[in-house]
Structure formats: structure tokens, C-alpha cells
Amino acid sequence: MSERPKTLPRQSATFSAEVNAEIRRAAATGIYDIRGGGAKRRVPHFDDLLFLGASISRYPLEGYREACGTSVTLGGRHASRPIELAIPITIAGMSFGSLSGQAKEALGRGATLAGTSTTTGDGGMTEEERGHSERLVYQYLPSRYGMNPDDLRRADAIEIVVGQGAKPGGGGMLLGQKINERVAGMRDLPQGIDQRSACRHPDWTGPDDLEIKILELREVTGWEKPIYVKIGGARPYYDTALAVKAGADVVVLDGMQGGTAATQDVFIEHVGQPTLACIRPAVRALQELGLHREVQLVVSGGIRTGADVAKALALGADAVSIGTAALIALGDNDPKWEAEYQAMGTTAGAYDDWHEGRDPAGITTQDPALAARLDPVAAGRRLRNYLNVLTLECQTIARACGKSHVHNLEPEDLCALTVEAAAMAGVPLAGTDWIPGRGGY
Amino acid sequence: MTVLDMAQMRLREVNATLQAAAKARGNDGFEVINPRGSHAVAVGLDGPLSVTVRGSTGYYCAGMNKAATVTVAGSAGPGVAENMMSGMVVVEGDASQYAGATGRGGMLVVRGNAASRCGISMKGIDIVVQGNIGHMSAFMAQKGNLVVLGDAGDALGDSLYEARLFVRGCVASLGTDCVEKEMRAEHLDLLSGLLAKAGVDADPASFRRYGSARKLYHFDIDNAAAY
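Chains as they are written, first to last, in my numbering: chain A, 1 to 441; chain B, 1 to 227.
Next up, chain B with everything else stripped away, as it sits in the complex (with noise of 0.2 angstroms):
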């Protein structure tokens, strides 16, 4: 384990040593510390590369990630896991706003709360939140799963288009074109495989789905109220 101190390196030399190590392959792994906040931290990394951040992080920390896994013992800022591609973000504390927003693929794990748009955008990854999720949370959601087990603030799933929410807890309110759905087998099915990879003990039948009318997909004058 490689430690990279945060207090002595500068960001620059951080992220380098990071998106080097990822590139290379095989490295055992690597541990910041000292990250006092700072903004896009282990951003950018394309390769199976294991870190750990000790402490918590600004805006982006993990950003664009690709095939690496990226633990926050800590809490992380707005943007964590942004734009996402593969491989697996894991924030032990809260996560602020806009978690994992516009991501690809992967999953994001927040073992606390996130703040409001979370998944805003989603394209594809695979969120789950262990506590509550903020307003306006997957927003213009395309593709891909939240999974909440706490609660979800007001508008959840606004223009929705066809990621797949799941909630444990109370939704405040439904946003535009958001609907609860039917929970089929092959959701429990989903469900569990996603609790189980993001090491999570739930029952996947104490959840509720929520997804997209599809109501705004085409332009009609008569929608006109809904937006």
C-alpha cells in the first residue's frame, strides 16, 4: 500500500500518480491522506486500481472513473463519482449534491445520506444510498438504478426517462412524469443483486419502484401543465 499525503504532495502530483498507477495495472493499491477537501481528488483514473481516501473530499473526488475502486472514509462534496463510467465509488460518510451524477456505469455507494440530484442525469450506474436522498433527486434520469433505503425529498424522479428507482423508505413527493410501479420478480431479482454487490443486508421486498410514465417522451401541446 502506497501512501500519498496530501499535506506534503500537491494535487497535481496526486491525481498523476493515481491515473499512472491505473494505467500500469497490478499496483496493490493506494492511500491518501490528509485530503482536507480538496476538490477532484483521484479524478480521471482508467484502470483496476484500488484507493482509499482518508478523510473527507471536495467537489468530484472520483470523477470519470473507469474500472477503479475509490473508498471515501469520509464524506464527499458535491459531484462524487460524476460522469462514472465503470468500476465502484464507496463513500462511508454523506455525499453532498449532484452524487453520481451523468454516470455510465459502475456503482456508487453511499453509506450514509446524499444531498439533493442525486443521480441527476444518470446514464447508466448503479447508486446506492444507505440513508436519505435529497430533492430533485434523478432528475432527467436516463438510464441505469438509484436504490434508497432511507427516504427520498420531494420530486424524485422529475422527467424521468428509464432508470429504475427503488425506495425503502417515504418518497415526499413524485416529480413530472414519475409513477410507482408494479415490483416484478425480475426486479426483486435486480434488486437483491445490487444490494448484495454494494454489501448491503436488506429484504429487497420492503422497497417500492418507481419509474418513468413516459408521458413526456414525445412533445404534446396537451402535456403542456406538466412542465
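One chain only, chain A, in its complex shape (with noise of 0.2 angstroms):
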């Protein structure tokens, strides 16, 4: 007697066991989860855009013969003293504290030996992170954590955060366990406590306001260092052209792929707009202001590649920022600490409880002895080795676009493979002349 045949099991797309498993440990705690990094879920991204390439009507420049510049000139627009950068791949900011000293001290020596900038983050400016960053950019954040003039004088650039992609409209909070005591102290709270990091400055509200702390800085600096304003990516065309107003050198975009060092994950995937979305309207801002290119645009989150940069400067960027991808390079989430990985839950790639301080690869942590397995000499290696590939191969994009300096590249070097990214990038669907919403249709 045959069996009669049977349905198969079928889980369901929408409560997935990774949703199931979000709820029974929701159920079990009674807290929200809290992580570090950026969004996770997939979104349009810069994988679905393509470079055309030469063509009759387009020739190419020589690979390894024909110079392809990559320098950029940050802060021109007000700032007597500009910086000058090799590559136009920046380190985004990330602080003393979510971080260890060595991993700050490994960003520095990178960042130099790549000829770019690096930047602090909250908690104020170490000794060795200035002391190792040829160009070093101060964060003025909204806690104001070890601020003080005279970091403010010894910055090569001032970037006032206004918000991060990871989390637009969101603060902080650094767990107790990462307060030791240099921490504590850099912060003037007392040790071992939870740290919150301010979701607004406290001394100024809006645009208007923006422009006059922006005056007060400009005054305390003597007017020589470029002035930026980060912002996340939520109004990217309004938050720009409010920034530029307000008298911003640099505007910094984050998108929702940019890291943070500890936020609810509902937060990370729920808030703000993928990085992809962000960079035409904010071109837009600063085209129809007339100051695109005076005042640089800045892009970060989701940068991985060479070609990811040389899609967001073709779509109008002057400059990236890497976080995530820095931190990578130095040697996070690294297989060869898969058993630790492993004994904390997780694996390799997807280690993203940072705010707790147990990083194997001795990065996210202040625990002394896990920060000890960070060489900062040859993880700054390991970054100005990556740094360098990732130049590479924007000028190899941008040589196969006939361009001789990758800032020559154009959206019109673009195509998309999908109609969202179209859309999106403002540039037409692969095979078709068609950019969704341009031309009444």
C-alpha cells in the first residue's frame, strides 16, 4: 500500500525563523535588540549600477601608461587651510572608547600612509590618534565628550555631526563595561557607567543657529580649518542645502548602510534612507546652489570597493568615507577567531555585538588583554594596503570611462540593472534609455 502523499513543510516568509527567533528573545528579555554596524536587510545599493565602459563614441585612457588623477581638495570654501588628500577615500569617524586605542592608532597610520584624512569620534581627541594622523578631522558631536579648544587648534578640519546614517535622529550609549578609566576620564563621567551620547547638540537648534556656531568655531580656529556638517541620510536635498547655508566647507552624507558602535537594531534597519538614495538629491542641493564642487560632498555607508567609489563619484560625491570596511581591514569579524566567534554565539561576518567589549580581534573592546592582539603597525598596513586597492581600482574604472581623473566621472558612465536603482541614481535601466520619474513617466 503506497503512503498517501504529503504536504511539505513550508516556513513562512514573512515570520522567518530569523524573525521567530527575534521574538522568542524578545519574549524572553523584555528588551530590544541592541548591536553594532549599519543595515543588514538588503536594499538598492551601488551593486546595481554598472559602468558602460568605452565605446566609439567614448575611448579609454592606457591602463598602467596614462595618469588617472585621485587627489581631492577638501574645504576650499572658507577654511585658509584646505586639506589636500592623496585619494579621495577618507576614514569615517569612530571614537576612542567604542573603539581601543590601538585600533585608533592603526586608523591613523593607515590613513597617513594612504596620503588621506582620519577622524575622531565622541569622546575626544588621544595622543595617538594625533600623533599617528597626518590629517586628522575633530568631531563636534552632540555630547561634547572631552571637548576642548585646543583639540579644536590642533585638528586639521572641524566636522560638526548633525546625525549618522545608522541612526538619523538617534544618540548613543556606550555600555559601562568599555568605561575604564582613561574613558571615564576623557568624558568626565565616572567609571564603569552607561555613557549616553546626546541625540542634539545642547547649544543650538536649527539652521539658523547652525550658522552662527559654525561663526564660532571659524573664530576660535582663526578661519583656517574647513568646516564640515555630517548628516544622515534622511532629507539629504533639504538637510544639504540647509548645511551649505549655514556656511559647511564639507557636507558628510551617511547612508543607512554606515556603521555605528551600538544602536537598536530596530533602529539600524527602520530609520533613514539606503546610502544609494541619498547622493543625487544632495547633488541636486548643491547644483541648484550653485556650489557644487566649491563645498565637496562626502559619501559613506556601504562603501566596500573600488567600484562602489567610483559609482558615487560619478554620481556627483567629491569623496567617500569607509568605517565598517576600515574596520574589516584591520582585521574584525576575521575567520581566524571563529572559535571565539563561536563561543559568544556567533561567527565570523556576522559578530556584530561590539557595544559589549569582548572583540576577539581585539578592535570594539577596551578589555586590555584583547586589545594587546591588535598590532597597530600591521593592521595600519593592512588598511593602507587596502586603501590603495580600492584607488586602483577606481582608476581602472575611470580609465576604462576615457576619464583622466576619477572626479571626470559622470552619471552618464552609468547604467542600472534594476528599475528601484534607476530610480534611485537617476540614471537609465540597463538596455533602455528609460530614469523612472524623469520625463512624466
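No lab work stands behind these hints, which were simulated from the structure alone. All figures in this text were calculated on a predicted structure; none of them were measured in a lab. Think of the CB as a built atom: it goes at the ideal place given N, C-alpha and C, for glycine as much as any other residue. Take these hints with a grain of salt, some might be off.
Once the Cα atoms are required to be at most 25 angstroms apart in a straight line, the calculated SDA-like pairs of lysine to any residue come out as [stated by the list, open to error]:
(1) B:K143 x A:W223
(2) B:K215 x A:D194
(3) B:K215 x A:I34
(4) B:K66 x A:W223
(5) B:K215 x A:R200
(6) B:K66 x A:R153
(7) B:K143 x A:I34
(8) B:K143 x A:M173
(9) B:K215 x A:G101
Sample of chain B residues at the chain A side, in silico, Cβ under 7 angstroms [said to hold, decoys possible]:
(10) H39
(11) G63
(12) M85
(13) S86
(14) A101
(15) T102
(16) G105
(17) G124
(18) C170
The two chains are supplied separately, each in an independent frame; assemble them into the complex guided by the hints.
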């Protein structure tokens, strides 16, 4: 007697195993999930764009022979000492506190070797970081932890942080286990307590106030330093226009794939726009103000390859900034620590409990024994190598498009693989001349 | 005494002159006249200079001050003495919102009233207000002392860390995690010194002390309703 055919077990697309696990975790603990990093969900991204390359009407430059420039100057609008970078790739702001001193030193070393800048973060400037960073951008944050005029003057540029892509509208919380004596001292708070980083600045509100705050910072630093304004990918057109109106020399635009040290998962995954969706509105704001290229646009959030760099530049950015990728280059989430990741219930590539301070790679920790695992000299060299590869890849693509400088890349060099990416990037869907939203349809 | 006339000089010239003099040390002092509500007057001074601003100022007067003594013979706009590191700033009139915000040292004295968020996120500064202060003052205040001879508005000391608050008048309401605390002899001594330094004649025993209950120092889901 034959068995009656059975219906195969079917998992729900809505209530997936991942979703169900989160429901069970929430039910058991009563608290939301906190993690580091940026959005993990699939969103339209640079992978959905392709370069067209050369053709009969566009001829290429000779690889390995003809020059393709990569330098960029940031901050020439008002600052008497703009920053000159050899490559259009910078290191994003990450705090000492969330990162170990060794990691911060390695970022400074790698950036300096590659001819670019690195950036402080919440918690102030450390001597190691200043000492190993030829070009250091000082973040001016809502918490003002460690803020002092001497460090403002020692910086090469000042970045006023209004928001970040992982959490536009959100502040932060550095948990007590990472607040050792040094971190606590720099922040004027007791050791071992959870430290809240405010979500809004304590002494200004809105673009008119921001203009006055920028004036004060310029007066304190003698109008020497470029002033950046960093915004999260919330309303890129208006925020870019308002930052420029307030007097910014540089706008740093961070999409939702941009990382954070620690925030609620629900915030990271559900607030803000993908990087790809943010660039063209910001560029349009600059163009309409007649300040595209005079005020530089630095784009961050999910930059991984030289192709990503080239695509961001082609869409109108002047430079990009990397955070997560830089940490991976240093050694974050390296499979060589797999046994320790497994012991913490995760795996290499997925480890994101950076706020707990137990990073086996010694990067997102203040534990002296773990931090000592990271050799800042060797890690700095790895970062330099990675930055060099990004640059070479970007140049390779630019030459193929016939450009003698990476800034000559343009939207006309691109097409999109999906309707969504075509609409967001404002480039034609591959095989068509259709840009969704343009020409009335 | 050197006089800088803001009807004749640009802000950049005025600040550059004051900053250079503060760095050089040993000057007799400066008087800034006709400020006419200008922003960022006498900011970023780094040295023992004496500056008197005759008239009222806009935002951030004496911001980030180090070691200098700045007197505003008038009222001050938002953020006076913000992020002050050391020295003394005296406002003879009233101060607008965010007075002494994020200050890390030195003393700010307001002879009149201070508006909302006085001492917000203060990190070691001492602030003495002879009049009243507005709502949400000492919000997330980390360190230092806030002394108020008049009344305090709503939500005083909300999300307070280790700053100490002394109020002689009425407190409209206390913010989350801010509680009244016992005034012990050491606090009376501290307060007596602060009042004397500010040039204020008042009996320390007539004040009440407020500080953090420290219930929010570690995130606890059972405290979620407090946020």
C-alpha cells in the first residue's frame, strides 16, 4: 500500500526563522536588540549599477600608462587651510571608547600611509590618534565629551555631527563595561556607568543657530580649519541645502548602511534611506545653489570596493568615507577568531555585539588583553594596502570610461540593473534610455 | 585699558586682537564697546586677560574661555561661556538659554536671570545665578556646581549625573532621576566658597541641595517608564 503524498513543511516568508528567533528573544528578555554596524537588510545599492565603459564614441585611457588623478581638496570654500588628500577615500569618525586605542592608532597609521585623513569620534581626541594621523578631522558632537579648544586647534578640520546614517535622529549609549578609567576621565563621567551620547546639540537648534555655531568655531580657530557638517540619510536634499546655507565647507552624507558602535537593531534597519538614494538629491541641492564642487560632498555608508568609490564619484560625490570596511581591513570579524565567535553564539562576519567589549580581534574593546591582540603597525599597513586597492580599482574603472581624473566620472557613465536603482541613482535602466521619474513617467 | 569699538572693527579683528593679547599675557585689559548683540564676541581666549564688553551680546559670548576674565556689562544671548575651560565670566544682566552649556571648568556668574537649559551637559564648570533659571536646567549635567539664588523652572536636573545643584528658592519640578539630598557640612563649605568667589552675599544654610538618584546609571528595562 503506497503512502499518501504529504504536504512539505513550509516556512513563512513573513515569519521567517530569523523573525521568530527575535520574537522569542524579545519575549524572554523584554528588551530590544542592540548591536553595532549598519543596516544588514538588502537595499538598492552600488551593486545595482554598472559602468558602461568605452565605445566608439568614448575612448579609454591606457591602463598602466596614462595618468588618472585621484587627489581631492576639501574645505576651500571658507577655510584658509583646506585639506589636501592624495585619494578620494577618507576614514570615518569612530570613537576612542567604542574602539581600542590600538585600533584608533592603526586607523591613523593606515590613513597617513595612504595620504588621506582619519576622524575622531565621540569621546575626544587621543594623543595616539593625533600623533599617528597626518590629517585628522575632529568631530564636534552633541555629547561634547572631551571637547576642548586646544583639540579644535590641533585638528586639521572640524566635523559638526548632526546625524549618522545608521540612526538619523538617534544618540548613542556606550555601556559601562567599556568605560575604563581613561575613557571615563576623557568624558568627565564616573568609571563603569553607561554613558549616553545625546541625539541633539546642547546649544543650538536649527539651521540659523548652526550658522552662528559655525561662526563661533571659525572665530575660535582663526578661520583656518575646514568645517564639515555630517548628516544622516534622512532628508538629503534639504539637509545638504541647509548645511551649505549655514556655511559648511564640506557636507558628509551617511546612508543607512553606515555603521554605528551600538544602537537598537530596529533603528538601524528601519530609519533612514539607503546610501544610493541619498546621493543625487544632495548633489542636486549643491547644483541648484551653484556650489557643486565648491562645497565638497563626502559620501559614506556601505563603501566596500573601488567600484563603489567610482560609482559614488560618478553620481557627484567628491570623496567617500569608510568605517566598517576599514575595521574589516584592520582585522574585524576575521575567521581566524571563529572559535571565539562560536563561543559567543555568533560567527565570523556576523559578529556585531561591539558594545559588549568582548571583540576577539581587539578592535571594539577596552579590555587590555583583547586590545593587545591588535598590532597597530601591522593593522595600519593592512588598511593602507586596502586603501591602495580601492584607489587602483577606482582608477581602472575611470580609465575604462576615458577619464583622466576620477572626478571626471559622471552619471552618463552608468546604467542600472533594477528599476529601483535607476530611479534612485537617476541613471537609465540597462538596455533602455528610461530613467524612472524623468520625462513624465 | 585698550578700547575695541565694534562699530568700527569687524568681529574677526576684535577676536584676533583679544586672542593674541590673551596668548601674550601681561596686558592691562580690554574694553569692547558697541557689541550691538554680535555673536561669538571674545571667544576662544587662552590666557589671563581681562575683557569688559559694554552692552549686550548675541550667541556664545566668551565661548570656550580659558583663564580669561570676561564681564558682560549687559545681557548675554544663548550659550554664553559655552564649553568654558577655566577663568571667570560674569553677566551683569540676564543670560539667555544654554548658559554655561558643556562647560568644563571656571566660573560663570549671572547677576540677573538665566533662561532654560542653564548648565545643560555641564562637565565641571561652576555656575552661580543670582536670579531665576528656566526649565530643563542642568539637563544631563555631568560634573560641577550650579547655584541658584532664585527659583528653578520645571524638570531641574533631568537625567543628572554627578553635578551638584543648590537652589535657594522654589523648584517647579525635578527632572527624571533628580532628587533632593541632605545638605551636609562639606556641602555648606563648598557652597560658601562658591558664593564668596562669585561675590554674592547669601547664607549657604538657606539653600537646598539636589543631585542624582543614580537609578539611570545602568540601563535597566524596569526603568523604561522613566524615559
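Here is how each hint holds up against the structure:
1. B:K143 x A:W223: The given pair, whose Cα atoms are some 31 angstroms apart, is violated under the 25 angstroms limit.
2. B:K215 x A:D194: holds (11 angstroms)
3. B:K215 x A:I34: holds (21 angstroms)
4. B:K66 x A:W223: holds (19 angstroms)
5. B:K215 x A:R200: holds (23 angstroms)
6. B:K66 x A:R153: holds (14 angstroms)
7. B:K143 x A:I34: Violated, because 28 angstroms separates the two Cα atoms, which is more than 25 angstroms.
8. B:K143 x A:M173: holds (19 angstroms)
9. B:K215 x A:G101: violated (30 angstroms)
10. H39: Constraint on B:H39 satisfied, holds at 5 angstroms.
11. G63: holds (5 angstroms)
12. M85: holds (6 angstroms)
13. S86: Violated, about 10 angstroms.
14. A101: At about 4 angstroms, which falls below the 7 angstroms cut-off, the nearest Cβ of chain A leaves the hint on B:A101 intact, so it holds.
15. T102: holds (4 angstroms)
16. G105: violated (10 angstroms)
17. G124: holds (6 angstroms)
18. C170: violated (25 angstroms)
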